[in-house]
Amino acid sequence: AQSVAQPEDQVNVAEGNPLTVKCTYSVSGNPYLFWYVQYPNRGLQFLLKYITGDNLVKGSYGFEAEFNKSQTSFHLKKPSALVSDSALYFCAQYSGGYNKLIFGAGTRLAVHP
Amino acid sequence: DTEVTQTPKHLVMGMTNKKSLKCEQHMGHRAMYWYKQKAKKPPELMFVYSYEKLSINESVPSRFSPECPNSSLLNLHLHALQPEDSALYLCASSPDKNGNTIYFGEGSWLTVV
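Chains as they are written, first to last, in this note's numbering: chain Z, 1 to 113; chain E, 1 to 113.
Honestly, the hints are just simulated from the structure, not real lab data.
Note that beta-carbon positions come from the ideal geometry of N, C-alpha and C, so glycine has one too.
One thing to keep in mind: the hints can contain errors.
[Said to hold, decoys possible] Interface residues of chain Z toward chain E, partial, derived using beta-carbon atoms under 7 Å:
hint : residue
1    : Tyr32
2    : Tyr39
3    : Gly43
4    : Leu44
5    : Phe46
6    : Ile51
7    : Lys58
8    : Tyr61
9    : Asn99
10   : Leu101
11   : Ala105
12   : Gly106
Work out the full structure: start from the sequences and follow the hints.
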């Protein structure tokens, strides 16, 4: 069965520093990978996705993610964190052949002033 | 416009009540979803509709009854719920093709008393 792992429950970073939120996926041919962000008491907002093509994907709010097939990873990155980036981040992978997203457990990002 | 609208935002219901959650999208998407999310956990898929037909039911108890009246609307009928069903219920939609982005609404907060 496909699975998505987010190894860190929480990531703490100082404002202005680069941030990385980690995600690894289970091997499945050509994976379709996504990042979503959830602010408190809100729904999920789409950030970016990897379907095919360039391994570096750029998304909303200055976020980007790097697809690494050899390491089966899809880490989310931002060069300079903002306090307003503090939220819950979910990595997700499509379950092959179905309209079904498999979510990781989520990582809480806390950006401190 | 990537908007999925859910009503009501908050709902409190007794265990003997019958209520409904409603979802609407006007993006021409042909796949619509219900997810359930408990606090600080990832969303869990409940149902998928594809071209107004139920395509996935993730073994959801019959006290939850989905309905897709047309391609823009999705309802979730609730009856005889339990307190443990209290959660955030998220509606989502996507073009009906594997790998397309799934867009989420803001959710309906359900409390069962």
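Status of the hints after comparison with the structure:
1. Tyr32: holds, 4 Å
2. Tyr39: Because about 10 Å separates tyrosine 39 of chain Z from the closest Cβ in chain E, which is outside the 7 Å limit, the hint is violated.
3. Gly43: holds, 4 Å
4. Leu44: Hint on leucine 44 of chain Z: holds, closest Cβ of chain E at ~4 Å, below 7 Å.
5. Phe46: At about 5 Å, which falls below the 7 Å cut-off, the nearest Cβ of chain E leaves the hint on phenylalanine 46 of chain Z intact, so it holds.
6. Ile51: Isoleucine 51 of chain Z check passes; min Cβ-Cβ to chain E is 5 Å, inside 7 Å.
7. Lys58: violated, 15 Å
8. Tyr61: Violated - the Cβ of tyrosine 61 of chain Z stays beyond 7 Å from chain E, reaching only about 15 Å at its closest.
9. Asn99: With a closest approach of 5 Å, the asparagine 99 of chain Z hint holds.
10. Leu101: Since the shortest Cβ distance to chain E is 6 Å, the answer is holds.
11. Ala105: With a closest approach of 6 Å, the alanine 105 of chain Z hint holds.
12. Gly106: holds, 5 Å
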